[in-house]
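Model the full structure from these sequences, guided by the hints.
Spelled out from the first residue to the last, the chains are:
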Amino acid sequence: MYGKGLKPLSIATVAMIAVSLSLVFFYAPLDADQGFIQKIFYLHVPLAMTALVGFIVGGVFAIAHLRTDNRKWDAYSYVAIHISVIFGVAVLITGAIWAKASWGHWWVWDEPTLVSFLIVFLMYATYYPFRYAIEDRDRQARYASVFAITAGAFVPLNFLAVRMAQSLVHPRVFATSNGGLPGEMMLTFLCCLAAMALLWVTLVKFELTAKSASGQVKRLRRALDAPAPGGSSRIAPEVS
Amino acid sequence: MLLPLGAPALPLDEAGKYVAGAYVVFVVLLVVYVAIMAAKLQRIERELREVATIAEERKDEKAEVPA
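Quick note, the sequences are listed as chains P and S, same order.
Numbered as in the numbering used here, the first sequence ends at 240 without a single skipped number.
Numbered as in the numbering used here, the second sequence ends at 307 without a single skipped number.
Treat the hints as calculated values from the structure; they're not laboratory data.
These numbers were taken from a predicted model, which means no experiment stands behind them.
Among the clues, some could well be false.
Claimed, not checked - A few chain P residues facing chain S, derived, Cβ under 7 Å:
id : residue
1  : Tyr27
2  : Lys39
3  : Leu43
4  : Thr94
5  : Ala101
6  : Ala210
7  : Ala213
8  : Ser214
9  : Val217
10 : Arg219
Said to hold, decoys possible - Rough simulated footprint, nothing fancy, chain S against chain P, three-plus residues with beta-carbon under 8 Å:
id : stretch
11 : 79 to 93
12 : 220 to 227
No residue lacks a Cβ here, since even glycine has one placed at the ideal position from N, Cα and C.
Here is the structure:
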């Protein structure tokens, strides 16, 4: 019953996004340095944080899969990574737009934060062909779990390495000696972060519900000895 | 590479298009995702209808067989 609680969760997500956008444009003060362009921060950073945490969550689900050998956890891991990759695309595009407006360049190759996120994103982009390449479903699930755990462990290490690197241009606004974000901006940011986290959870639940429904139809077909339709997915794990 | 670190903030009319662009990208991605999910849902519904038809045909076949 993956669809249980999906309706209130969706409503809460939409409400939270609406509140967050209102705070961004009507409550949070304009940044003294960047002005109006800083509004991208409230979209870009929560998306990035949610995507990175989502990759780690995918790794945690993969650990559960290897420990229990329950295919449900493989599906959870796959969906968590899938949604995080979509968030990653949004992070890269919104980041490029912000970079162009702030620095005059779409991309800056000597900036560790940007390049490290790109590395993480590209690493997870290989997850799909990796799954595609393995025919046997059990091996596919096991190998994908090992990948998810290894890549998931790389994410916090990568984050720490970047935090320790001396950056010249990418702003550091959390836990800095300069005082960090002012109260109104912090409140707005936290609301945006909660909205993105809720959106991630909702999309994961949507995806799992769709996979579950598809899995139930396949079970029905098998029970009726009905011919399988063409074009069924080989990579996406089933949820029964 | 020399970056304009000390550059003044962009004027609102110029910054606005970038901010709008970023938020529009987010909305477009969401809409594309919803469209893909809608297509998946349609496929599941179609398959479910096919399975229901097969089940009904089997039921009718059983009913036609004389006892």
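Here is what the structure says about each hint:
1. A distance limit of 7 Å between C-beta atoms decides the matter here; for P:Tyr27 the minimum to chain S is near 16 Å, and the interface restraint is violated.
2. The beta carbon of P:Lys39 comes within 5 Å of a beta carbon in chain S, closer than 7 Å, and the hint placing it at the interface holds.
3. Nearest Cβ of chain S to the Cβ of P:Leu43: about 6 Å, under the 7 Å cut. The hint holds.
4. Hint status for P:Thr94: holds, given a least beta-carbon distance of 4 Å to chain S, under 7 Å.
5. With its C-beta approaching chain S no nearer than about 4 Å, P:Ala101 sits inside the 7 Å limit, and its interface hint holds.
6. The interface hint given for P:Ala210 holds, since its Cβ lies 5 Å from the closest Cβ of chain S, which is under the 7 Å cut-off.
7. A cut of 7 Å between beta carbons decides the hint on P:Ala213: the least distance to chain S is about 5 Å, and the hint holds.
8. For the restraint placing P:Ser214 at the interface with chain S, the shortest Cβ-Cβ distance is roughly 5 Å, inside the 7 Å limit, so the hint holds.
9. Here the hint on P:Val217 is kept, as its CB sits about 5 Å from the closest CB of chain S, short of 7 Å.
10. Proximity of P:Arg219 to chain S is violated relative to the hint, the smallest CB-CB distance being about 10 Å (cut-off 7 Å).
11. Counting residues of the stretch 79 to 93 of chain P whose CB falls under 8 Å from any CB of chain S gives 4; the rule of at least 3 is met.
12. Evaluation of the coverage hint for the stretch 220 to 227 of chain P: fulfilled, as 4 residues show C-beta separations to chain S shorter than 8 Å, against a requirement of three.
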